[in-house]
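K.L.:
The residues making up each chain are set out below.
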Amino acid sequence: MADASAGGGSLDDYPTIDPTSFDVVLCGTGLPESILAAACAAAGKTVLHVDPDAFYGSFYSSIPLPSVPSFLSADSSTPCPSSTTASSSATAAYTAVDLKRRSLYSEVETSGTVPEPSRRFTVDLVGPRLLYCADEAVDLLLRSGGSHHVEFKSVEGGSLIYWDGALCPVPDSRQAIFMDSTHRSKEKLNLRDNLKEKTLLFRFFKLVQSHIAASSPGDKDGEGEASGKISEEDLDLPFIEFLKKQQLQPKIRAVVLYAIAMADYDQDAADSCEKLLTTRDGIKTLALYSSSIGRFANAQGAFIYPMYGHGELPQAFCRFAAVKGVEDASHSPSC
Amino acid sequence: MGCSSSLPANSTGGLGNINNENSATDSKNLKVKLVLLGDSGVGKSCIVLRFVRGQFDPTSKVTIGASFLSQTLALEDSTTVKFEIWDTAGQERYAALAPLYYRGAGAAIVVYDITSAESFNKAQYWVKELQRHGSQDMIMALVGNKADLHEKRTVSSQEAQEHADMNNMFFVETSAKTADNINQLFEEIAKRLPRPTPLS
Numbered sequence: 001m002a003d004a005s006a007g008g009g010s011l012d013d014y015p016t017i018d019p020t021s022f023d024v025v026l027c028g029t030g031l032p033e034s035i036l037a038a039a040c041a042a043a044g045k046t047v048l049h050v051d052p053d054a055f056y057g058s059f060y061s062s063i064p065l066p067s068v069p070s071f072l073s074a075d076s077s078t079p080c081p082s083s084t085t086a087s088s089s090a091t092a093a094y095t096a097v098d099l100k101r102r103s104l105y106s107e108v109e110t111s112g113t114v115p116e117p118s119r120r121f122t123v124d125l126v127g128p129r130l131l132y133c134a135d136e137a138v139d140l141l142l143r144s145g146g147s148h149h150v151e152f153k154s155v156e157g158g159s160l161i162y163w164d165g166a167l168c169p170v171p172d173s174r175q176a177i178f179m180d181s182t183h184r185s186k187e188k189l190n191l192r193d194n195l196k197e198k199t200l201l202f203r204f205f206k207l208v209q210s211h212i213a214a215s216s217p218g219d220k221d222g223e224g225e226a227s228g229k230i231s232e233e234d235l236d237l238p239f240i241e242f243l244k245k246q247q248l249q250p251k252i253r254a255v256v257l258y259a260i261a262m263a264d265y266d267q268d269a270a271d272s273c274e275k276l277l278t279t280r281d282g283i284k285t286l287a288l289y290s291s292s293i294g295r296f297a298n299a300q301g302a303f304i305y306p307m308y309g310h311g312e313l314p315q316a317f318c319r320f321a322a323v324k325g326v327e328d329a330s331h332s333p334s335c
Numbered sequence: 001m002g003c004s005s006s007l008p009a010n011s012t013g014g015l016g017n018i019n020n021e022n023s024a025t026d027s028k029n030l031k032v033k034l035v036l037l038g039d040s041g042v043g044k045s046c047i048v049l050r051f052v053r054g055q056f057d058p059t060s061k062v063t064i065g066a067s068f069l070s071q072t073l074a075l076e077d078s079t080t081v082k083f084e085i086w087d088t089a090g091q092e093r094y095a096a097l098a099p100l101y102y103r104g105a106g107a108a109i110v111v112y113d114i115t116s117a118e119s120f121n122k123a124q125y126w127v128k129e130l131q132r133h134g135s136q137d138m139i140m141a142l143v144g145n146k147a148d149l150h151e152k153r154t155v156s157s158q159e160a161q162e163h164a165d166m167n168n169m170f171f172v173e174t175s176a177k178t179a180d181n182i183n184q185l186f187e188e189i190a191k192r193l194p195r196p197t198p199l200s
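Chains A and B supply the protein sequences, listed in that same order.
Mapping of the first sequence onto the UniProt record's numbering: residues 1 to 335, in sequence order.
Mapping of the second sequence onto the UniProt record's numbering: residues 1 to 200, in sequence order.
Treat the hints with care, as some may be off.
[What the hints assert, rightly or not] Sample of chain B residues lacking proximity to chain A, with all beta carbon distances greater than 10 angstroms (derived):
no., residue
1, ARG53
2, THR88
3, ALA89
4, GLU151
5, ARG153
6, ASN167
7, LYS177
8, GLN184
9, GLU188
10, LEU193
[Claimed, not checked] If you only want the chain B side, here are some residues facing chain A, beta carbon under 8 angstroms, derived:
no., residue
11, SER67
12, GLY90
13, ALA96
14, ALA98
15, LEU100
16, ARG103
17, ASN168
18, PHE171
[Stated by the list, open to error] Sample of chain B residues lacking proximity to chain A, with all beta carbon distances greater than 12 angstroms (derived):
no., residue
19, GLN91
20, ALA117
21, GLU187
22, THR197
Hints were generated in silico from the structure; no laboratory data involved.
Glycine included, every Cβ here is placed at the ideal spot set by N, Cα and C.
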């Protein structure tokens with residue numbers, strides 16, 4: 001038994017947890033820990049899920065806007081109480097691990113007041129992450145019943161892309177892309193160039209489509225371009241090089257890279273070469289994007305977002321885990 | 001449902017839990033999420049099991065093994081109310097309940113044990129939590145359970161009634177063991193639920 005008196009007198013404030021032994025102990029209620037807790041519980045393991053914070057989600061939580069300043073100032077001043085370092089030698093059955101918490105940020109400054117109506121906004125600490133409707137994460141939510149808990153919202157109104165010094169809407173269908181390129185070309189290009197541009201675009205779509213079809217499971221590996229597949233050589237290229245090779249115009253390239261493939265880093269910057277998306281992965285996300293559209297009748301585009309922020313996701317898995325019998329313990333607020 | 005009113009009408013309701021479940025309610029058939037709150041051991045799950053399955057199991061453990069249970073009530077005015085009843089799954093024992101638990105709930109039952117003053121104190125804490133996380137038009141009930149053990153009573157019904165009045169709740173004492181007032185509790189909630197105004 002671990003010596004429970006090591007943490008000082010403050011331990012008296014917390015109820016004793018019964019039972020006292022578990023197959024798995026998880027610390028923190030972020031998304032990975034919560035999914036693990038749910039998975040372990042589903043596999044029939046006894047799980048203790050602890051969190052030093054009084055709220056769910058650790059760094060994956062969604063903070064109501066008015067609470068953000070207090071959250072930020074609280075975070076820096078909560079050193080983790082040093083864990084039991086003694087008594088491990090007495091019983092060699094376990095070793096005490098000294099857990100250290102990393103701060104979410106290195107430096108933060110807040111000023112001014114929160115604009116109204118602030119209650120309606122939450123800040124996702126992990127940053128906005130759209131979910132493709134056909135994403136594996138969505139499959140997991142459906143399989144585990146987590147989708148009963150989290151309300152999603154279709155990303156309507158499309159996305160915007162910063163281009164030529166202005167925000168412009170991203171064309172969200174093939175027709176729209178054609179329209180968009182036609183429209184733009186009217187000013188700058190003559191009819192012939194316009195036609196050429198459309199042909200290139202059409203060819204690109206066809207190529208991607210036949211590649212996706214040829215690579216779908218059940219289909220034997222083809223022999224390069226002959227079977228409609230993109231060659232291995234091209235698949236290893238950075239995606240942006242491939243798009244250039246397909247002679248797509250810069251704006252369409254940007255749309256494909258940042259609004260469909262959701263590349264995180266500037267693909268044009270030479271210094272970030274290890275962050276460059278490969279054609280292989282790029283095509284995969286195009287396939288994901290296209291299978292996302294129309295997956296749910298009530299989702300308009302390819303993307304959905306948790307209605308009340310990403311903080312809902314770990315909570316959903318924590319609840320799933322609790323229903324399966326996981327013991328949850330956190331620094332619950334005293335009453 | 002439970003969606004901010006500032007959003008345009010066509011975007012409310014999200015994806016209906018992304019599984020295309022049609023959760024639309026008409027004026028005759030209501031559907032409501034109901035959450036249970038209260039200290040562990042006061043009989044939350046027993047109340048649910050009595051209402052949903054007509055059973056009472058004094059040994060029932062902390063969880064009921066399901067995310068929620070459903071039960072439909074038919075009222076005298078020929079409306080039906082389908083309750084989707086969420087139990088805490090034991091998460092209240094050592095941890096706070098997640099905001100997700102309260103999300104979209106149209107009704108809440110705060111339970112205490114009439115033989116435990118401590119559980120009544122905790123009930124007041126849960127009422128505060130409810131006011132913090134729940135929506136404002138939520139129907140709230142304060143329930144003193146284990147009314148069959150009245151000889152061991154430590155919380156007077158008058159005290160509880162006052163607390164309920166103060167917080168805009170209705171109050172009832174129940175016994176999941178004898179089924180006393182269990183159906184009445186849910187019927188009362190059903191009657192108080194706001195009816196959707198029919199589109200003209």
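K.L.:
ALA96 of chain B was flagged as interface toward chain A. Is the shortest Cβ-Cβ separation under 8 angstroms?
P.N.:
At 5 angstroms from the nearest chain A Cβ, ALA96 of chain B passes the 8 angstroms test, so the hint holds.
K.L.:
Does ALA98 of chain B meet its interface restraint, that is, does its C-beta lie within less than 8 angstroms of any C-beta in chain A?
P.N.:
holds, 4 angstroms
K.L.:
If I take the minimum Cβ distance from GLU151 of chain B to any residue of chain A, is it greater than 10 angstroms?
P.N.:
Nearest chain A Cβ is 29 angstroms from GLU151 of chain B, so the label holds.
K.L.:
Say whether it holds or is violated: ALA89 of chain B keeps its Cβ farther than 10 angstroms from all Cβ of chain A.
P.N.:
Incorrect as stated: the minimum Cβ-Cβ distance to chain A is 4 angstroms, not above 10 angstroms.
K.L.:
Say whether it holds or is violated: ARG53 of chain B keeps its Cβ farther than 10 angstroms from all Cβ of chain A.
P.N.:
holds, 17 angstroms
K.L.:
Confirm or reject the statement that GLN184 of chain B sits farther than 10 angstroms, beta carbon to beta carbon, from all of chain A.
P.N.:
holds, 28 angstroms
K.L.:
Can we trust that LYS177 of chain B is non-interface, i.e. its beta-carbon lies farther than 10 angstroms from all of chain A?
P.N.:
Consistent with the label, LYS177 of chain B stays out of reach of chain A, its closest Cβ about 24 angstroms off (over 10 angstroms).
K.L.:
Would you assess whether ASN167 of chain B, listed as outside the interface, keeps its beta-carbon beyond 10 angstroms of every beta-carbon in chain A?
P.N.:
For ASN167 of chain B, whose nearest Cβ neighbour in chain A is about 15 angstroms away, the distance exceeds 10 angstroms, so it holds.
K.L.:
Are ARG103 of chain B and chain A close enough, Cβ to Cβ, to be under 8 angstroms, as the hint says?
P.N.:
At 7 angstroms from the nearest chain A Cβ, ARG103 of chain B passes the 8 angstroms test, so the hint holds.
K.L.:
Quick check on GLY90 of chain B please, does its C-beta sit within 8 angstroms of some C-beta on chain A?
P.N.:
holds, 6 angstroms
K.L.:
Taking the minimum C-beta separation from GLN91 of chain B to chain A, is that value above 12 angstroms?
P.N.:
Check fails; 5 angstroms does not lie beyond 12 angstroms.
K.L.:
Please settle this one: GLU188 of chain B was flagged as non-interface, so is its CB more than 10 angstroms from every CB on chain A?
P.N.:
Its Cβ never comes within 10 angstroms of chain A, the nearest being 27 angstroms, so this holds.
Hint check: violations occur at hints 2, 3, 17, 18, 19; the rest are consistent with the structure.
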